[in-house]
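Here is what each chain is made of, one letter per residue.
2 protein chains.
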Amino acid sequence: MKLWRNSANRVKILGIDPGFDIVGWSVVRDGMKLVDYGFIKTSPSDPIDERLLQIHRSLDVIIKEYAPDEAAVEKLFFNSNAKTVIDVSKAIGVIVLTLKLNDLAFSEYTPVQVKQSVTGFGHAEKNQVKFVIEKLTGTAFLKGPDDAVDSIGIALCHMLRSGVR
Amino acid sequence: MKLWRNSANRVKILGIDPGFDIVGWSVVRDGMKLVDYGFIKTSPSDPIDERLLQIHRSLDVIIKEYAPDEAAVEKLFFNSNAKTVIDVSKAIGVIVLTLKLNDLAFSEYTPVQVKQSVTGFGHAEKNQVKFVIEKLTGTAFLKGPDDAVDSIGIALCHMLRSGVR
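Chains A and B, in that order, are what the protein sequence lines are.
Per my numbering: the first sequence = residues 1 to 165.
Per my numbering: the second sequence = residues 1 to 165.
Keep in mind that the hints were calculated from the coordinates and are not lab data.
Just to be clear, a hint being listed does not mean it is correct.
In this list, chains with the same sequence are indistinguishable; a pair is considered to hold if it fits within one copy or across any two.
[Claimed, not checked] In silico DMTMM-like links for lysine to aspartate or glutamate, alpha-carbon gap of 20 Å or less:
hint	residue 1	residue 2
1	Lys12	Asp87
2	Lys75	Asp87
3	Lys135	Asp30
4	Lys33	Asp87
5	Lys12	Asp30
6	Lys83	Asp46
7	Lys75	Asp46
8	Lys75	Glu50
9	Lys83	Glu50
10	Lys75	Asp146
Chain A on its own, in the form it takes in the complex:
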């Protein structure tokens, strides 16, 4: 099948900052325009299967609504906190499955790669990364928790590195 359309080069990237308590997400389209961003928050008082279901269902709603073309997910940085690593990895498993169930290809980037791509310096401070994200997307004063803002950096990183601009 061939379908030509003028908007065919309009690419939308779904950026995801994975977590168990909170998953940051953003949709950025070509030209580095910020379409939308937000976060999925699960309650620590809910059982784990309920929380993983909430992440799955919410992400599914976001994908159905914005129909992104590709996804970019932050790669887990292994640390010594066993519980965090295990729980966040469970969430990543569910996130990756949800992307796959929606036929959405994804790339993974480390925090250093994201900072390097966005600011030119892999060890930039959080505030500097946020500052550059605001400049690149033309958005003044991004609101919301770090995870939501970080996910924009992940989407931008994918755009800058994969040549989708």
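Go by the hints and put chain B onto chain A.
Frame of chain A, contents of chain B only:
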């Protein structure tokens, strides 16, 4: 709704030994009768999202076929192999989500709890655990990889500890 049936006390437990390369599974019903057991194997040459999808789909088929009442999953033992912990946790996330999507409640047990419940000794050797599983289920010479046989121990552990016999 109330539905009485003679087989109402026939309880089926789905035992799962989670992994990324291989997931062991078993279905054990009351009276410690082994209904079926096996494993899901994913190919290391496939991309991670494909492998997680295979685990999700295969487990879903098993649940639809055997309609278990409860599930028991082995709890991940945290070790220093970062890659293993992250990958197995991703698989556990997908497994737990699949159970939840099928409205199947689950319990988690550590390897020590499984050995303790089945053999009376938390640090029993693998061969001893297998021997006792064969006696309890009345099955001579269980075949298949360790993961498949281990999943029977997990299901039995849940039965013995939760009073479902």
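Against the structure, the hints come out as follows:
1. Lys12 / Asp87: Neither: 29 Å inside a chain and 28 Å across chains, both beyond 20 Å.
2. Lys75 / Asp87: For Lys75 and Asp87, both the intra-copy (14 Å) and inter-copy (12 Å) Cα distances are at most 20 Å.
3. Lys135 / Asp30: within (15 Å within a copy, 64 Å between copies)
4. Lys33 / Asp87: neither (32 Å within a copy, 34 Å between copies)
5. Lys12 / Asp30: So Lys12 and Asp30 pass the 20 Å test inside one copy only (7 Å; across, 52 Å).
6. Lys83 / Asp46: Only inside one copy: Lys83 and Asp46 sit 17 Å apart there, 28 Å across copies, limit 20 Å.
7. Lys75 / Asp46: between (25 Å within a copy, 19 Å between copies)
8. Lys75 / Glu50: Close across copies (18 Å), not inside one copy (24 Å); limit 20 Å.
9. Lys83 / Glu50: within (18 Å within a copy, 26 Å between copies)
10. Lys75 / Asp146: within (16 Å within a copy, 31 Å between copies)
Checked against the numbered hints above, the structure breaks hints 1 and 4 and satisfies the rest.
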